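My request is simple: use the sequences and hints to build the entire structure.
Here the protein sequences line up with chains L and H, keeping their order. Note that my numbering has the first sequence beginning at 1, numbered continuously upward. Note that my numbering has the second sequence beginning at 1, numbered continuously upward.
If you're looking for bench data, these hints aren't it; they were derived computationally from the structure. Among the clues, some could well be false.
To be verified - Derived contacts from chain H toward chain L, CB cut-off under 7 Å, selection only: (1) Leu107; (2) Leu113; (3) Met114; (4) Ala116; (5) Pro126; (6) Ser164.
As the list claims (entries may be wrong) - Capping the alpha-carbon separation at 25 Å, the derived lysine to aspartate or glutamate pairs in DMTMM-like fashion look like this: (7) L:Lys194 with L:Asp263; (8) H:Lys108 with L:Asp228; (9) H:Lys109 with L:Asp263.
Just so you know, these numbers come straight off a predicted model, no measurement behind them. For every residue, glycine included, the Cβ atom is placed at its ideal position computed from N, Cα and C.
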Amino acid sequence: MAAAGSLRRAGWRLWRGRAVVRCQLYSPQRALQASAVLRRVSDEQKEPLASSFQQQFDSHPTDHQPEQKPHGPRPSYTGQGGQESEDYESEEQLQHRILTAALEFVPEHGWTAEAIAEGAKTLGLSVAAAGMFHSDGSELILHFVSQCNTKLSELLEQEQKLVQLGKAEKKSTDQFLRDAVEARLRMLIPYIEKWPQALSILLLPHNIPSSLNLLTSMIDDIWQYAGDQSTDFNWYTRRAVLTGIYNTTELVMMQDSSPDFEDTWRFLENRVADAMNMSDTANQVQSTGEAVVQGLMGAAVTVSNAEISRAVRAKLFLFPSVVNVSMFFLPNLEDSMEKNCLS
Amino acid sequence: MAAAAAAVGPAVRRSLGQRRPLPCGAGRGSGLRGRWPLPAGGVSLRPCSTRATLEGINKPVIDRIIRVDHAGEYGANRIYAGQMAVLGRSSLGPIIQQMWNQEKDHLKKFNELMVAYRVRPTVLLPFWNVAGFVLGAGSALLGKKGAMACTVAIEESISDHYNSQIRTLMEEDPEKYKELLQIIKQFRDDEREHHDIGLEHDAEMAPAYSVLKTAIQLGCKAAIFLSERI
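Given below as structure tokens:
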């Protein structure tokens, strides 16, 4: 009895979720598919469907507006993972399970609805469950990317813990970035054959907001763990540079046929080194510029002093001031030369 | 349909825990965009100390507040720098310097908050850098009273702005945002003090005081609007 009630709630949730999230044009189709899914689920549970089904459909004509509160509890979009009891799950969790199961069929079928259908089959659901998703496989790819980003975050978190506990050395920034990007790109290796297809799907207009969101949050995570604490325009520069590095390395990886993608990692190393050099050079330019400005201001003050005072006093002041002014230049020149020799 | 999505949006977003909430406004949660950042299970994966401050807060609101306040303090810093460049050697020098030092403290505090709450700074920072300095120097070139008039206008804008932020946070949840509220209240009091100092030093006797004040406050409103969003 409780199972029937929970089935009804699950069905309602699926139904309501569909109406809210998808265009209402799809509703009648979804009802059929949702019922098909339900049928499979209920077959496993060995419960008579008819009564609960009837009740589910009876509730629809009266409750067609998605904004209205359902008879049962609201969809479990709660922070506790959405699981309100053990014997049923939220629609979101169901979709996660299907997509995760579908991933193993991707090397064979590509990022398509077929892979999702196969995944649904392994979970014992009807093939029609793939109808819950877009036909171009977008959600499968986004799910995969989101999963990879999560795994990367966990990895970086663990490394940070080790460093904090003193069990590991703190890496230099360029080493850290290299390792993080490499770790993230290695997660693509099992799906590398079909990844170009995925990339092109992610560039479709309706996917761009989500894929951009995932990309930016991943890059932000990497910088966060790399210890970036900038609060000025550097915040943007660093993220833009790392995004460029990541994207170009990903593209190189698609074309790479060397053993264990050695060429890709070497490319990555060079790009990160370039980025570090760029920031060094920018710093040097800035400090030299500041020195020049200081020198000019010092010279201006000196010259104005010289004009006000008599010629004799000017002679006495000029010489130390000129030496003073040239002192501004020399230290910075030395520093820049040192840096150039070392790099 | 949009209303439904809007109703679901905040609920979905809250359930995302702290996994990178969307940079979009509160009314636009589409189902697809809302779903992807959620890791299976919805549990926060970041028990480290900076994350601790992020549990259960209304990230979009806090993001905006910290971003715009940071931009404001940064701008105020530059305005006082501009005023000091012109009036530094006059009798007003020490007073402006003192107010400038307080603004520097404010900026430092907001830098810390920005890192703690993982807020992105506004893209317009380089612009506020230049515009602030120009405003400060420009108003100082109008004389000491002009500089004080600029200070009065700015500080009045800022304290009104802080007041509305305090109201927003109090409406949300005074307990959760206690620390932030305290900081903003303190800063609001400081800015009010600057405003009073400005009035004491004959700001109202500045040339075209009301025009100047209105123009500067209009500029402030625009700056606040932009910095919150961009």
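For Lys194 of chain L and Asp263 of chain L, compute the direct alpha-carbon distance and say whether it is at most 25 Å.
Measuring from Cα to Cα gives roughly 20 Å; hence the hint holds.
Agreement of hint Ala116 of chain H with chain L interface, Cβ distance less than 7 Å
violated (10 Å)
Check the hint pairing Lys108 of chain H with Asp228 of chain L against an upper bound of 25 Å on the C-alpha distance.
Holds, because 16 Å separates the two Cα atoms, which is no more than 25 Å.
Using 7 Å as the Cβ threshold, decide whether Leu113 of chain H counts as touching chain L.
This interface hint is violated because 9 Å lies over the 7 Å limit.
Return the status of the interface hint for Ser164 of chain H: holds when the least beta-carbon distance to chain L is below 7 Å, violated otherwise.
violated (23 Å)
A closest beta-carbon separation below 7 Å is what the hint needs, so does Pro126 of chain H meet it against chain L?
holds (6 Å)
Hint validation: Met114 of chain H versus chain L, beta carbon distance must be below 7 Å. Holds or violated?
holds (5 Å)
Lys109 of chain H paired with Asp263 of chain L [C-alpha distance capped at 25 Å]
violated (45 Å)
Leu107 of chain H was flagged as interface toward chain L. Is the shortest Cβ-Cβ separation under 7 Å?
violated (9 Å)
Figure legend: structure checked against the earlier numbered hints; hints not met, in rising order: 1, 2, 4, 6, 9.
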